[in-house]
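**Q** This is what each chain is made of:
Number of protein chains: 2
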Amino acid sequence: MEQWSFPPKFDPNYLPPSGSRYWFPKRETMPAAEREKAILERLKLVTRYAWDHSPMYRRKWEEAGFHPDQLKSLEDFESRVPVLTKKDLRESQAKTPPFGEYLCVPDSEVYHIHGTSGTTGRPTAFAIGREDWDSIANAHARIMWGMGLRPGDTVFISAIFSLYMGSWGALSGAERLRTKAFPFGAGASGMTARAAMWLDLTRPQGLYATPSFALRLGEVARTEGYDPRQFGLKVMFFSGEPGASVPAVRDRIADMYGARVIDCGSMAEVTPFMNISGSAETDGMLLWQDIVYTEVCDPATFRRVPYGQRGTPVYTHLERTSQPMIRLMSGDLTLWENGPNPCGRTYPRLPQGVFGRIDDMFTIRGENVYPSEVEAVIAKLADYGGEHRIVISRDGTMDELLVRVEASAECVARGDEAQATLRPSTGKALQTLLGLRAKVEIVPPNTFPRTDFKARRVIDDREVFREMNARLQD
Amino acid sequence: MEQWSFPPKFDPNYLPPSGSRYWFPKRETMPAAEREKAILERLKLVTRYAWDHSPMYRRKWEEAGFHPDQLKSLEDFESRVPVLTKKDLRESQAKTPPFGEYLCVPDSEVYHIHGTSGTTGRPTAFAIGREDWDSIANAHARIMWGMGLRPGDTVFISAIFSLYMGSWGALSGAERLRTKAFPFGAGASGMTARAAMWLDLTRPQGLYATPSFALRLGEVARTEGYDPRQFGLKVMFFSGEPGASVPAVRDRIADMYGARVIDCGSMAEVTPFMNISGSAETDGMLLWQDIVYTEVCDPATFRRVPYGQRGTPVYTHLERTSQPMIRLMSGDLTLWENGPNPCGRTYPRLPQGVFGRIDDMFTIRGENVYPSEVEAVIAKLADYGGEHRIVISRDGTMDELLVRVEASAECVARGDEAQATLRPSTGKALQTLLGLRAKVEIVPPNTFPRTDFKARRVIDDREVFREMNARLQD
Numbered sequence: 175m176e177q178w179s180f181p182p183k184f185d186p187n188y189l190p191p192s193g194s195r196y197w198f199p200k201r202e203t204m205p206a207a208e209r210e211k212a213i214l215e216r217l218k219l220v221t222r223y224a225w226d227h228s229p230m231y232r233r234k235w236e237e238a239g240f241h242p243d244q245l246k247s248l249e250d251f252e253s254r255v256p257v258l259t260k261k262d263l264r265e266s267q268a269k270t271p272p273f274g275e276y277l278c279v280p281d282s283e284v285y286h287i288h289g290t291s292g293t294t295g296r297p298t299a300f301a302i303g304r305e306d307w308d309s310i311a312n313a314h315a316r317i318m319w320g321m322g323l324r325p326g327d328t329v330f331i332s333a334i335f336s337l338y339m340g341s342w343g344a345l346s347g348a349e350r351l352r353t354k355a356f357p358f359g360a361g362a363s364g365m366t367a368r369a370a371m372w373l374d375l376t377r378p379q380g381l382y383a384t385p386s387f388a389l390r391l392g393e394v395a396r397t398e399g400y401d402p403r404q405f406g407l408k409v410m411f412f413s414g415e416p417g418a419s420v421p422a423v424r425d426r427i428a429d430m431y432g433a434r435v436i437d438c439g440s441m442a443e444v445t446p447f448m449n450i451s452g453s454a455e456t457d458g459m460l461l462w463q464d465i466v467y468t469e470v471c472d473p474a475t476f477r478r479v480p481y482g483q484r485g486t487p488v489y490t491h492l493e494r495t496s497q498p499m500i501r502l503m504s505g506d507l508t509l510w511e512n513g514p515n516p517c518g519r520t521y522p523r524l525p526q527g528v529f530g531r532i533d534d535m536f537t538i539r540g541e542n543v544y545p546s547e548v549e550a551v552i553a554k555l556a557d558y559g560g561e562h563r564i565v566i567s568r569d570g571t572m573d574e575l576l577v578r579v580e581a582s583a584e585c586v587a588r589g590d591e592a593q594a595t596l597r598p599s600t601g602k603a604l605q606t607l608l609g610l611r612a613k614v615e616i617v618p619p620n621t622f623p624r625t626d627f628k629a630r631r632v633i634d635d636r637e638v639f640r641e642m643n644a645r646l647q648d
Numbered sequence: 175m176e177q178w179s180f181p182p183k184f185d186p187n188y189l190p191p192s193g194s195r196y197w198f199p200k201r202e203t204m205p206a207a208e209r210e211k212a213i214l215e216r217l218k219l220v221t222r223y224a225w226d227h228s229p230m231y232r233r234k235w236e237e238a239g240f241h242p243d244q245l246k247s248l249e250d251f252e253s254r255v256p257v258l259t260k261k262d263l264r265e266s267q268a269k270t271p272p273f274g275e276y277l278c279v280p281d282s283e284v285y286h287i288h289g290t291s292g293t294t295g296r297p298t299a300f301a302i303g304r305e306d307w308d309s310i311a312n313a314h315a316r317i318m319w320g321m322g323l324r325p326g327d328t329v330f331i332s333a334i335f336s337l338y339m340g341s342w343g344a345l346s347g348a349e350r351l352r353t354k355a356f357p358f359g360a361g362a363s364g365m366t367a368r369a370a371m372w373l374d375l376t377r378p379q380g381l382y383a384t385p386s387f388a389l390r391l392g393e394v395a396r397t398e399g400y401d402p403r404q405f406g407l408k409v410m411f412f413s414g415e416p417g418a419s420v421p422a423v424r425d426r427i428a429d430m431y432g433a434r435v436i437d438c439g440s441m442a443e444v445t446p447f448m449n450i451s452g453s454a455e456t457d458g459m460l461l462w463q464d465i466v467y468t469e470v471c472d473p474a475t476f477r478r479v480p481y482g483q484r485g486t487p488v489y490t491h492l493e494r495t496s497q498p499m500i501r502l503m504s505g506d507l508t509l510w511e512n513g514p515n516p517c518g519r520t521y522p523r524l525p526q527g528v529f530g531r532i533d534d535m536f537t538i539r540g541e542n543v544y545p546s547e548v549e550a551v552i553a554k555l556a557d558y559g560g561e562h563r564i565v566i567s568r569d570g571t572m573d574e575l576l577v578r579v580e581a582s583a584e585c586v587a588r589g590d591e592a593q594a595t596l597r598p599s600t601g602k603a604l605q606t607l608l609g610l611r612a613k614v615e616i617v618p619p620n621t622f623p624r625t626d627f628k629a630r631r632v633i634d635d636r637e638v639f640r641e642m643n644a645r646l647q648d
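Residue numbers (the working numbering), protein chains in the order written: chain A, 175 to 648; chain B, 175 to 648.
These aren't lab readings, by the way, just hints derived from the structure by calculation.
Hints may be right or wrong, so weigh each one.
Since the list gives no way to pick out one identical chain from another, each pair is judged satisfied if it fits inside one copy or across any two copies.
Unchecked claim - Heads up, simulated DSBU-like pairs for lysine-lysine below, C-alpha to C-alpha not over 35 Å straight-line: (1) LYS218 to LYS260; (2) LYS269 to LYS408; (3) LYS261 to LYS408.
Since the structure is predicted, the reported quantities are computational estimates derived from the model, not experimental observations.
Using the sequences provided together with the hints, build the complete structure.
**A** In structure tokens form, the structure reads like this:
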């Protein structure tokens with residue numbers, strides 16, 4: 175039966191009728207305004223719960239002058255409740271190790287421990303309660319049902335099982351959805367070729383991975399003599415990287431495997447992290463607001479920006495009791511919309527997924543520019559060779575933007591004229607689509623190195639200018 | 175409540191009284207003869223179930239002239255039911271992919287897929303049913319309770335989460351036992367140092383790993399500035415390698431961490447693989463016969479050998495419905511005993527754990543010799559340098575055994591006389607303890623290379639002799 179309460183209490187044996195597009199039809203398709211009223215009621219319960227159980231929240235809210243009784247509207251929520259940062263979590267855990275002053279269930283109720291990688295300083299430990307684990311599994315099963323996966327399907331999970339929450343979250347959903355879960359993992363030597371062999375042996379309907387790994391797996395599979403399309407995959411869902419919402423990457427994976435490619439995933443702290451996820455019929459990512467209430471906010475004021483605008487997602491759990499996140503600031507960058515969705519769900523949508531970090535933003539002649547926007551424009555050019563660099567410099571007192579763009583091998587083969595055309599067409603596209611005046615330099619194919627990780631595409635030369643200027647003034 | 179039936183139906187909320195040494199006191203401490211009567215009844219049900227649900231078993235048994243109705247005693251079982259080999263499983267899966275003609279539940283009931291590594295040919299897929307997963311978790315929780323782990327303890331699992339069943343089995347037990355499960359994993363670069371950091375942060379009571387990894391982790395922890403004893407571990411349990419029953423390895427780990435070291439683990443196919451496992455009070459491994467009925471058999475006849483003798487374990491599931499193994503031949507080598515156990519459980523015991531493979535055996539002058547026996551004798555010599563080689567050759571028509579033994583650095587430092595004594599004392603020990611006449615050569619410390627994997631210590635030169643002889647007769 176369809177349920178919505180806090181704390182959540184889901185029927186572990188519930189499954190929707192097999193013909194249903196939705197796991198919880200009412201919650202997924204109710205009018206948005208009606209849902210927002212219900213969310214407000216949940217927020218009252220969740221903030222009261224945190225006030226009663228978490229010294230961290232109580233202290234933080236007392237300092238900000240907020241009390242759960244003050245909550246009468248979503249505007250109260252965004253204006254009165256201060257945002258929480260990852261730094262707050264780290265500090266709370268340093269003070270009260272290992273789980274911090276926001277573990278709101280008895281220690282004995284902790285079911286799983288996971289954590290952040292801790293590559294930059296003190297890691298954060300995730301303590302997930304037994305009942306929360308079931309709620310997470312239910313949420314993920316719901317969303318995976320929405321992707322088109324069904325009980326009895328095989329779901330192959332090929333991302334590392336360790337601290338990384340992605341694999342564990344996908345597994346919990348696959349288990350609850352009553353699929354055959356194949357937690358294959360990744361990360362050790364020789365596993366990619368073996369993954370290809372097992373895909374061939376077991377012919378799963380679903381695959382979870384990171385986009386980079388799916389591309390590599392497809393290439394390794396071909397080297398091993400398999401055609402990835404013959405694996406018969408129906409749905410491939412991704413998190414951990416923004417790739418699956420980047421049209422070029424998404425289409426390449428879809429074409430390689432002949433499968434539907436779906437983007438999902440907010441933050442490990444937010445688990446059920448599939449709270450932002452596409453569906454079988456809707457591209458981009460939906461905000462499953464009844465699971466995690468998401469506000470796309472101005473990164474300065476942390477008030478919601480209007481639909482159609484860019485901002486940073488701020489997340490609030492509506493179904494977690496063990497380490498509930500209330501207004502956790504992501505620092506990610508997205509744009510939200512509120513049109514009708516092909517799948518009929520009445521959730522806001524992120525048409526381009528999560529496409530950057532707010533701290534990637536640079537300012538040129540007073541305009542805020544995100545590298546992802548420049549990339550989106552350039553990637554559409556027919557003669558683009560696949561890599562580029564953005565160089566910001568200063569000519570006298572003016573910021574100057576130089577975009578160095580690789581031509582494609584085909585463009586070079588077509589001769590000088592094709593290359594000569596690429597330069598002005600790139601400049602015009604940047605001007606038209608971003609209102610950005612930039613110098614453009616066309617460089618030969620493969621000028622810039624490729625990486626499996628995040629490419630550093632922005633070079634800010636103004637620093638050199640500033641340093642020089644500072645030295646002259648000494 | 176304590177339960178024993180087939181198919182099993184365990185109460186998912188059962189926990190023993192906190193002061194109890196046993197999870198299921200009756201099943202664990204009942205007189206062995208009474209248990210054997212009950213096992214016979216279970217075997218009747220299990221064989222009938224397999225006959226009804228598995229074309230593979232039915233065909234195999236029909237060929238051998240066995241029918242479940244014939245089962246009146248454990249002697250009937252061992253004399254009438256043919257053993258099953260890993261080759262049988264591979265062939266059945268090749269014929270009926272992916273799970274073979276011994277998946278005895280509907281495909282839609284499969285909960286998890288795992289498999290063998292498949293490094294040598296076609297891998298075997300494990301399809302574990304939803305109810306079996308619960309039974310496995312119950313069995314492992316029972317056995318981990320017997321190790322001294324308790325609800326609320328933290329259990330750190332540091333072995334790879336992939337095809338390898340060890341980690342998944344330990345996790346299922348930790349979850350069912352209501353510990354805080356920390357599935358950290360292993361296998362990717364940089365994880366060992368991070369494991370040390372997390373052990374320091376979370377101070378778990380239990381740790382699961384392979385013995386080699388525990389040794390490496392301890393060394394890395396020291397390099398990173400931690401004292402492994404400060405992690406506060408209480409119980410370390412191991413599978414995947416025989417090390418934890420080898421006194422020298424066991425004691426080194428116990429000393430390094432200041433924890434109780436417990437050996438467990440039969441075969442992935444047998445999962446619940448902790449069916450052979452030590453306990454908080456009993457060294458070596460107990461055969462938890464009411465979970466998996468284990469016969470230690472003569473590897474030629476597959477009839478049980480008397481207690482006190484060596485043989486190969488043959489396993490029969492009493493609590494699995496999805497891919498039940500009935501008389502699965504392990505090919506491992508062990509010795510079983512049936513004295514009273516310090517923990518009071520009335521199970522047979524493997525005092526030296528599983529110490530080799532039957533196919534490691536060689537024959538010298540008509541006597542069967544296992545390399546592990548030679549190793550056990552040599553490892554006890556005070557002046558042993560840590561490595562040795564066994565060379566089998568032929569002098570005329572007689573097999574000759576040469577054992578090349580490294581002297582320790584201390585022995586060399588003490589001078590010629592100490593070294594001169596080592597040779598006859600080694601020969602005498604082999605003669606006295608194994609009845610084995612061998613030539614002994616003492617070599618300097620570090621003559622032989624070390625390996626993280628299984629060392630190849632036996633060199634059979636008779637092949638050269640045989641080939642030469644064959645050529646002369648052509």
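**Q** Would you mind marking each hint as holding or not holding in the structure?
**A** Here is how each hint holds up against the structure:
no.: 1; hint: LYS218 to LYS260; in the structure: within (23 Å within a copy, 59 Å between copies)
no.: 2; hint: LYS269 to LYS408; in the structure: between (47 Å within a copy, 26 Å between copies)
no.: 3; hint: LYS261 to LYS408; in the structure: between (40 Å within a copy, 33 Å between copies)
Checked against the numbered hints above, the structure violates none of them.
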